[in-house]
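Number of protein chains: 2
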Amino acid sequence: MSLEILDTPALVLDLDAMGRNIAKMAEFARKAGVALRPHAKTHKSPAVARRQIAAGAVGVCCQKVGEAEVMVEGGVADILVTNEIVGATKVARLAGLARLATIRTVVDHPDGLDALAAACVAAGVEIGVLVECDLGMGRCGIADPAAAVALAKRAIATKGVRFDGLQAYHGKIQHIAGWAQRRAGAEACNAKLAEFRAAFAAAGIATPIISGAGTGSYEFQTTAGYTEFQCGTYVFMDKQYRDVGDETGERYGRFEQALFVLATVMSIPSNDRIVLDCGYKTLSVDGGMPEAMDLPGWNFGFGGDEHGILRRADATARLPKIGEKLRIVPAHGDTTINLHDEYQVLSGGKPTMAWPVAARGKIR
Amino acid sequence: MSLEILDTPALVLDLDAMGRNIAKMAEFARKAGVALRPHAKTHKSPAVARRQIAAGAVGVCCQKVGEAEVMVEGGVADILVTNEIVGATKVARLAGLARLATIRTVVDHPDGLDALAAACVAAGVEIGVLVECDLGMGRCGIADPAAAVALAKRAIATKGVRFDGLQAYHGKIQHIAGWAQRRAGAEACNAKLAEFRAAFAAAGIATPIISGAGTGSYEFQTTAGYTEFQCGTYVFMDKQYRDVGDETGERYGRFEQALFVLATVMSIPSNDRIVLDCGYKTLSVDGGMPEAMDLPGWNFGFGGDEHGILRRADATARLPKIGEKLRIVPAHGDTTINLHDEYQVLSGGKPTMAWPVAARGKIR
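Protein sequences appear in the order of chains Y and A. Quick note on the numbering used here: the first sequence kicks off at 14 and runs consecutively. Quick note on the numbering used here: the second sequence kicks off at 14 and runs consecutively.
These aren't lab readings, by the way, just hints derived from the structure by calculation. Treat the hints with care, since some could be wrong.
Remember, identical chains collapse to one label, so a pair may be satisfied in a single copy or spanning two.
[Said to hold, decoys possible] Capping the alpha-carbon separation at 27 Å, the derived lysine-lysine pairs in BS3-like fashion look like this:
#, residue 1, residue 2
1, Lys166, Lys334
2, Lys172, Lys334
3, Lys166, Lys205
4, Lys205, Lys44
5, Lys185, Lys205
Since the structure is predicted, the reported quantities are computational estimates derived from the model, not experimental observations.
The task is simple: from the sequences and hints, build the whole structure.
What follows is the structure, encoded as C-alpha cells:
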C-alpha cells in the first residue's frame, strides 16, 4: 500500500475523510440553527481548526490557555476556554490573549471570577464569561440554579468580565452505549438545563450563549436551548465513539474514521501472538483497547509502553509477516493525538506532508 | 511552599532524592558484581543518564532508535536498544548511530537479524546483538532454548553483527504484589534463564552479556547469571513500584519518591469533591490511579483528559482552597513523563531550572 513509505509508529490523518466529517457536522448545525464551535482539545491543530471555521464554525473551544495561544497564533479569532482558569500566571496570560482575539471562558466560583476580572482590568480588556452548570456530570460547575444566577449577577456587576451565558456540557452522557439509553441520558441533561434556563428567566437575566453538547449527544440536544455545540471527536472519530451505537444498533457511523496509527509487526513469537511497535506511549488506554482495522480476527492488547500485542480470536484469521504495516484505530483519539508530535497527512489515500500537533503537551 | 512559583500542571524532579537513588542502586550493583545499565525509557533525559553513568553505570538501555539518538547526542557512549528493530529506515538509522557510539540491540528472528546485518554492512559498522529469550513474559523473544542457540549461531556466521549474549528481561514479574510472591516469580524466571544458559553451554557458545532485571526483581536476580541490570524506575520511583511491597509488608521503600506532578485545585464543587487541573494528558492511567501525597484522606480519580478529581475517603480530611497547589505521585512514571515537555528541577527543595524531556515522543 502507499503507506509503506511512512516510518512507524505514525499518527495518520486522512484529509479527505476529515473534510467530509467537517462538512457533515457543519451542515447538521446549520439545519438545526445552532452555531458550531468544535473542541480543539481533540486535534490541537490550527490547520484543522481553520478548515472547521472555513466550513462555518464560529470559532473553537479549548481546555487550556496554552491551547488557546496556539490557536490564536494559528489564525483562530474566536475562542471559548471551556475550563475554569485558576492561578495568577494563567489568568494574566488569558487576559493578555484577549488583546489579540475574542476570548471567553467559564467560571463556577466567585473567587475565580474575581481573580479573572482583576487580571482583565489590569490588561485593559473585557472577557466574556459563561457560568458553568453541572447538569449531572459531577466534575466542575454549579449544580444549583439559584447559585448559578447569583454568580451571573456578580459577573454582571464586575468590571473586566461580561456575563455571556451558560456552559452546559455533560461529558458522561457522551459514551453511553445504546441509542435509547444515550438519548435518555441526554434528555435528563436537557431537563436539568431547562431548570437553569427557568431560573435565569425568572431573574430576568438573558443568556445569549448556551454552549455544550458533544459527538455522542448533539443529535439529542438540538431543541434544548443550546446556541452552540462543542463537539470535537466527530472530526476524526475513534473506537469509543464508534462503539456508542446508532439507532439501528450498528456502530455509530455518521462520521468516517479519519485517523489511525500506523504500526509495524516487529515480532511473531507464535501463530497466536503478533507484537506491534506501538504501546502506551503511542496509543492511549484511558478509553479502552484500540482495534487493528486491517486484521480482523485479532484482538489488540498492550504489551507495555512500547508494545502492542494482537492475540488470535479467530483460528482462520490471516497471519501477517514481520515488517508488515497495519492500521490501528485508537480507542480514544484526543489522548492518543496528544502523544504524537506530528500528523502524517493523506490526500487521495497517499502521504503528502506532516502537520505538527501544534498544541501537544500544552497542559497549562 | 517554595513550589508556589511553578505554574501547573508541572512535572517536578527532586534532584537530591534522585541523586540518592542513583547512588544507592549503583552501590547495590557494585556489591553484587553486576554491571548497571539503567533504562533511559523511564527518564528520556541525557542529563539524568549522565548522572547515572557518573555514578558507575556502564551506559543506558533504550527502547527506540529515536531515544538512542537523543542519548548519543547528549553524550552517552554505550547503548543497548532492548527492542527488536524492524523496518528499513530504522535499521539504517541504528547502523548509522553505531558510527558514533557503542550500540547493541536484540533479535528474536532470522529475518530481523539479516536485515540488521545488511544495514550494518552497508554502513560499514558492526553491531553487537543479544538474542532475546522469553522467560515467560509472552511478549517478544524466543521461548525455546534450542531456537535461541540456532539464532545465535546464525548471528555468529553473519557479517555486520556480533553475537554478544542474551537479553533476559521479564516485565510481568516486576509488579507482582508481595515480596514472597514476587520472589517466586523472579525465581521461576531465573530457572528458565538457567535452561537457556545450559543450552548455550552445551553448544559451546559463550554469552558474555546477559542483560535484564528491573526495579521490582533485581534483588532476586543477583546470582542468576545476569551480567548487567536494566532497572529504570528506581531513579524516580512511582506509585506502582512503591505498592509492590517489601519484605516487611510495607511499601517498597528502597528508593525515594523523586518525581511528582504539581497540580492546582481549580474547583471545589462540594466538600466531598476537589477538581484538579491534571487529567489523562498530564498523568498516565495505564498503571492505575495516582496519589495526592499532600492530602491524605482523599482518593484520586480522573475526570477526563484535563481534570483530576479527589473524592473524600475520610470525613476528617483537610479541605484545601481553590488555587492551592498539591503534589501528585504518578501511578506509572515512564508514561507520565512522556506526556511532559520539561522537568522542573528542584535542589534543596527549591525550583532551579527546567530540563527538557529530551526523548519525549521519540516513538520511532
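Indicate which option fits the pair Lys205, Lys44 if close means a Cα-Cα distance not exceeding 27 Å: within, between, both or neither.
within (25 Å within a copy, 66 Å between copies)
When no copy is specified for Lys166 and Lys334, does a C-alpha distance of 27 Å or less occur within a copy, between copies, both, or neither?
Answer is between; shortest inter-copy Cα gap is 23 Å, intra-copy 66 Å.
27 Å Cα threshold - placement of Lys334 relative to Lys172:
Between copies only: 24 Å across chains, 66 Å inside a chain, cut-off 27 Å.
Alpha-carbon proximity context of Lys166 and Lys205, limit 27 Å
within (20 Å within a copy, 71 Å between copies)
My question is about Lys185 and Lys205: at a cut-off of 27 Å on alpha-carbon distance, are they close within one copy, between copies, both, or neither?
within (14 Å within a copy, 47 Å between copies)
Checked against the numbered hints above, the structure violates none of them.
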